[in-house]
Amino acid sequence: MSIIVIISLFIIFHYIDWLVPIENFFRDLINPASKVMYTISVKIGEENQEFISLEDLTAAYNQAQTDLLNNHVDMIKLQFLEKENALLREQLNFLQKNSLQIVGADVIGKNIDPLGNTIILNRGSEAGIRLNNPVIVGNGVLVGKVVKVEKNVVIARLINDNQSKVAATVMNADKSLGLVEGGYGISVRMNFIPQNEIIQVGDTIVTSGLEAGIPAGLLIGTVEAVEKEAYQPFQKAILNPFSNLNKINLVSVIINR
Amino acid sequence: MHYILRGLGLFFNIILLTGLHIGLSYILPYPWSKINILFTVLIILLLWWNSGIIVWLTFFSHLFLELYVTTPYGVVLFAATISILLGYWLYQNFFTNHSWYTAVALTAFTLFLYRILYTLLIVILKLFNVVAFVPWQQIFITFFWEFIFTTIAVAILYFILSRFSKRLNVTLIESSIFHYEKRG
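Sequence lines, in order, name chains A and B.
Under my numbering, the first residue of the first sequence is numbered 1, with each subsequent residue one higher.
Under my numbering, the first residue of the second sequence is numbered 1, with each subsequent residue one higher.
Calculated directly from the structure, the hints in this document are not laboratory data.
From the three backbone atoms N, C-alpha and C, an ideal C-beta is built for every residue, glycine too.
Mixed in with the good hints there might be a few duds.
[Unchecked claim] Partial pick of chain A residues on the chain B-facing surface, computed with a CB cut under 7 Å:
| # | residue |
| --- | --- |
| 1 | I22 |
| 2 | F26 |
| 3 | I40 |
| 4 | K43 |
[Stated by the list, open to error] With a straight-line cut-off of 20 Å between C-alpha atoms, the simulated PhoX-like cross-links for lysine-lysine are:
| # | chain 1 | residue 1 | chain 2 | residue 2 |
| --- | --- | --- | --- | --- |
| 5 | A | K77 | A | K165 |
| 6 | A | K151 | A | K35 |
| 7 | B | K34 | A | K148 |
| 8 | A | K228 | A | K175 |
| 9 | A | K165 | B | K166 |
| 10 | A | K175 | A | K236 |
Bound conformation, chain A alone:
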């Protein structure tokens, strides 16, 4: 009985913030170890790839051979494009262009409970991060949104989480609007795209800016497949995210709009 009373007291103290100093102290103790372990896990993930069957392995090998050949061709093009890109990069620096205020953060861990697909960042409310702030990698690739803020730590929900919903637009002729949703941590879909609008494989999906706190134009992914049923009012698109959501090391959190 006494243990139930103590657990209840701890839960109450947590919600009225009496445990914050103690929790922060222990976070500071565990976070460095968590960061090291997470970095190792990302490195291991980079070196290994799992195949379900021999056919998959053969197909992957053949694909790799084709890719290698294509890469040689691309290499020549790349050399020409590099100079052009350097000039464009200066002009199109995403963050400067949009005058966004950002906070850089290291990913120190990921979800260990089955209730969500999330990452843990080593910056918190002290750095100005608030709930629902968008989390990006590189020059404007959206990977998630902040769902829990503590003093020195935040938890961000990735875009492939079941509960993730982001207002988005397709960069097609119609600038189709829709909602990007996650699916069991393994896929990203765009739903509620009007049936009469034309979506093609390869189209780019960006944030629409119709959601509070999320600026327009953050890259989300490209269309991998389109699901269109004649009797449905909306069509769906399966997306290929721009960023590998299992191998995120460094992110930026946009703290203003």
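Could you slot chain B onto chain A? The hints should help.
Relative to chain A, chain B alone:
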């Protein structure tokens, strides 16, 4: 002074254990990453020490674990502590012998209870809209792998430790009684 040092040592070990649980869940490939390291160690310690201190170890280790989960605060803490508490009671009154199958049965029972309590609390929180969406399929797949791998881990760890420890080795206890009777 001795007690203070012992307490600090225990505390440091709890942090280390929690760190190990979190770290291995990152590093191990799926579905091995679902092994519940905390429960594995706590149940082995319960069999080893046969002491109520395990309930407090469970409490503090899961208190730290709460800092790294998205589940509403208290769910993991309550479910884990109560399940180990009942596991301890069961060990005191029913599974009283030292054998690998006791370890397996105790692990299976406490894990099952832990996840039942966890699910129950999530359902209650969902009724009150504290939890917006529950991916049941994903949760039950996780429970399944956790159950299988943790039980196997406890059985293997128990088997290995019983080769080196008199406390966990039923054969040694039996043989000592035998020798005692023989001498008498």
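Now for the hints, and whether the structure bears them out:
1. The criterion of a C-beta within 7 Å of any C-beta in chain B is not met by I22 of chain A, whose closest approach is roughly 9 Å, and the hint is violated.
2. Interface hint at F26 of chain A: satisfied, since its Cβ lies 6 Å from the closest Cβ of chain B, which is below the 7 Å cut-off.
3. The interface hint given for I40 of chain A holds, since its Cβ lies 6 Å from the closest Cβ of chain B, which is under the 7 Å cut-off.
4. Given the 7 Å rule on beta carbons, the hint for K43 of chain A is violated: about 10 Å separates it from the nearest Cβ of chain B.
5. For the proposed pair K77 of chain A and K165 of chain A, the alpha carbon gap of about 38 Å is over 20 Å, so the pair is violated.
6. With a C-alpha separation of about 17 Å, the suggested pairing of K151 of chain A with K35 of chain A holds against the 20 Å cut-off.
7. Between K34 of chain B and K148 of chain A, the direct Cα distance comes to roughly 24 Å. Violation of the 20 Å bound is thereby established for this hinted pair.
8. Under the criterion of a C-alpha separation no larger than 20 Å, the hint pairing K228 of chain A with K175 of chain A is consistent with the structure, at around 18 Å.
9. Taking the CA atoms of K165 of chain A and K166 of chain B, the gap is about 56 Å. The hint is violated against a cut of 20 Å.
10. Restraint check: the Cα-Cα separation between K175 of chain A and K236 of chain A comes to about 15 Å, which is no more than 20 Å; the hinted pair holds.
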